[in-house]
Structure formats: structure tokens, C-alpha cells
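Using the sequences plus the hints, can you model the full thing?
Listed here are the chains, written in short residue letters.
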Amino acid sequence: MDKPDFASSYSKANEILVISNIISGFPYSALDLVKEQSEIKCRTFKKALEYGVDISTFGSESAVIFEYGGKSIIFYDDEKPMSHVKFSIIHELGHFVNEHKFSKKDSKIYGKYEVETNYFAAQLLMPEQLLREIQNRGMRITHQFLQEHFGVSHQAADKRKKTLAKTNIEWRSRMEQEYDDIIILKYAAFLDKICPVKNEYDFEDEYNRQLERNSWC
Amino acid sequence: MTLFSERISLLLSQKKLSQKELALKARVTESAISYYVKGERVPRGEVLSRIANALNCSTDYLLGNTKELSTSNGSEPLQYLQRNLSKLDPEQLKKAENILKAAFDDLFEDEEE
Numbered sequence: 014m015d016k017p018d019f020a021s022s023y024s025k026a027n028e029i030l031v032i033s034n035i036i037s038g039f040p041y042s043a044l045d046l047v048k049e050q051s052e053i054k055c056r057t058f059k060k061a062l063e064y065g066v067d068i069s070t071f072g073s074e075s076a077v078i079f080e081y082g083g084k085s086i087i088f089y090d091d092e093k094p095m096s097h098v099k100f101s102i103i104h105e106l107g108h109f110v111n112e113h114k115f116s117k118k119d120s121k122i123y124g125k126y127e128v129e130t131n132y133f134a135a136q137l138l139m140p141e142q143l144l145r146e147i148q149n150r151g152m153r154i155t156h157q158f159l160q161e162h163f164g165v166s167h168q169a170a171d172k173r174k175k176t177l178a179k180t181n182i183e184w185r186s187r188m189e190q191e192y193d194d195i196i197i198l199k200y201a202a203f204l205d206k207i208c209p210v211k212n213e214y215d216f217e218d219e220y221n222r223q224l225e226r227n228s229w230c
Numbered sequence: 095m096t097l098f099s100e101r102i103s104l105l106l107s108q109k110k111l112s113q114k115e116l117a118l119k120a121r122v123t124e125s126a127i128s129y130y131v132k133g134e135r136v137p138r139g140e141v142l143s144r145i146a147n148a149l150n151c152s153t154d155y156l157l158g159n160t161k162e163l164s165t166s167n168g169s170e171p172l173q174y175l176q177r178n179l180s181k182l183d184p185e186q187l188k189k190a191e192n193i194l195k196a197a198f199d200d201l202f203e204d205e206e207e
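Each protein sequence line maps, in turn, to chains A and B.
Here the first sequence stands for residues 14 to 230, numbered as in the numbering used here.
Here the second sequence stands for residues 95 to 207, numbered as in the numbering used here.
Treat the hints loosely; a few may be bogus.
To be verified - Label-pair ranges, simulated between beta-carbon atoms:
| no. | chain 1 | residue 1 | chain 2 | residue 2 | range |
| --- | --- | --- | --- | --- | --- |
| 1 | A | Phe19 | B | Glu185 | 34 to 42 Å |
| 2 | B | Glu185 | A | Arg153 | 49 to 57 Å |
| 3 | A | Glu49 | B | Gln173 | 20 to 28 Å |
| 4 | A | Gly83 | B | Glu115 | 16 to 24 Å |
| 5 | B | Lys161 | A | Ser186 | 55 to 63 Å |
| 6 | A | Asp18 | B | Glu185 | 33 to 41 Å |
| 7 | A | Asp45 | B | Ser112 | 28 to 36 Å |
| 8 | A | Ile35 | B | Glu185 | 37 to 45 Å |
To be clear, the hints were calculated from the coordinates, so they are not data collected in a lab.
The C-beta atom is built at its ideal place from N, Cα and C for all residues, glycine as well.
Here it is in C-alpha cells:
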């Protein structure tokens, strides 16, 4: 398999996190995000069936993007659990945003594409910068926490926890870190809501500590 | 009546669109559309292509240069990433693709869920 371009998927997801008006907190509507970020239309499997098209025969489980005559449609199965469908829709948006060539029939390239779009979707649904900030504020990231506050499935939460444990923010290049501050700033209200900053500056405490330090000399 | 006015009237009735709706969709004035339908004027360039887009057909079709409604005559490939999970053999898949191609524009234009 060709090496997936994680840096590019990560940066593209970050750009959307910064510029989107739809995302101001989590969870948000994946359908609205697709509408905001592209000309792609989203239609349910049921709608396609009304036209005599059974999308599930194309081998997709919960969502799939088709392009024809310069137009693109993401078909999604709204009978699947909401959290699952949302991930799949953003995953499909990822194929578009990452400019994947749909005509490629090579399974190696397909594997690379899938890894990139999963990474893209995970970053858009559970931004790494926010999770690190939450950890810095002293909270533990559990499956339940991710499911509850970011509206993702157990499976997505599990994967996210694993990748988070394997990566280190310091390994990121300067380019990848470009949006970190602005993302934290943009979602400050969301962060404060789910994880308020403890240990606010306590003047009296600090004063007493200074007195103690003075006594050392 | 020009061929252009015939075709625009035909598409309006097929798609059950009023002149006003077309004017809105193509971002032109209602009176301009009325001239086009009556065959008193034929739009050019930018306006023509906006009308063709709004009616989901090619500019050549509107002008009468071709009998094909759309530039895509079905030979254009349907693009998607093929999953290994597909239950169909290649022949059935081709059939399913053709059904989707035929319905694609209507599905694209179908009102929001």
C-alpha cells in the first residue's frame, strides 16, 4: 500500500474546522457541513430506491459518493445509527476534499484513500487539538466522553483513543500546527462548557506562596 | 417561433416550471424569459449557459444544434470508488450503474430530505 498522506488530510480537516460556520461546537450536522463546504448533494438510500436504484448493491454499507456529469451525490443510509452515518458522510466528503480519483480500481490505492478519509473524518469530528486541551485541563478522555460530547460511535471513539495515544503533538510539523491556536480559540466556549478550567488564578494563594519563597532567602 | 423558443417552452412544460421560476433559477429577469419563450430574442454566452444549467440540458440542445438533451449521452463513466463488498457480478453492476446514471440528474435535483 502506498503511504497515506496523513499530513494533508489533517491540514484539510483543520482548515474546515477554522472556516466553517456550521461547526461552532460538537456534535454538528454532517449534512449541513457537506452543503456548506461543497456542491455535493446528500440523498438517502430510500430516496434512491424511489428511483429504482438500490445503492446497497454497490457494496457500500452506510454512505457512498458518486460523481456523474460533473455532479456529485453522497448517498447515505439513514436507517443506520446516527453517529455511524455521520462519520460515513464526512468520510465520503473526505474523498472529495482530498481530491481522490474515483476511477482508480487499484485496491492498494483504495486502501490508502480509506485510511486518509478515516483520518480526515476523525479529525473533523473529534479534533486532536481539542482533545489535547481537554487532557491538559486534567480530564480523562474515555469512550463515553467522546460518545457523549462529540456524538461519535463507540467504534470511532475507540479508534480515536488509540491514535491519540500513539501520536505526540510535538511530532507535528510547523505547518501541521499552523491552526492549533486558532482552533482552541474558536472552540473555547465549547471547551469551557464540557470541561471548565479549574484552578483559576488565586491571588491569596499566590501571595502566601510568595511569602514562603521570600522566607527561603 | 424559433427552435430555441420551442425547446425552452418544451422543457418548461416537461419540468413543470413557470417562467418566473426559471427566471429565478437562471438569475435573469422574468421579462427576458418571456421574450425567449415568444421567440423574439435568443440569449448568448453567460445567460444562455445559466438557462441551460437551470433546465439541466446543454446549450447546444437549447440552440437546436443537437437533438440530445444533455452533453452526457450515457457514455460518460459513473465515477465512484468500488468497494470489494459489492454483491454483483460485473454484468449486473453495469446494469445497476446504468439505472443510477439515468436517474442521477433527477436525484440531484430532487428536493431536500
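(message) Need the list of violated hint numbers for this structure, in ascending order.
(response) none
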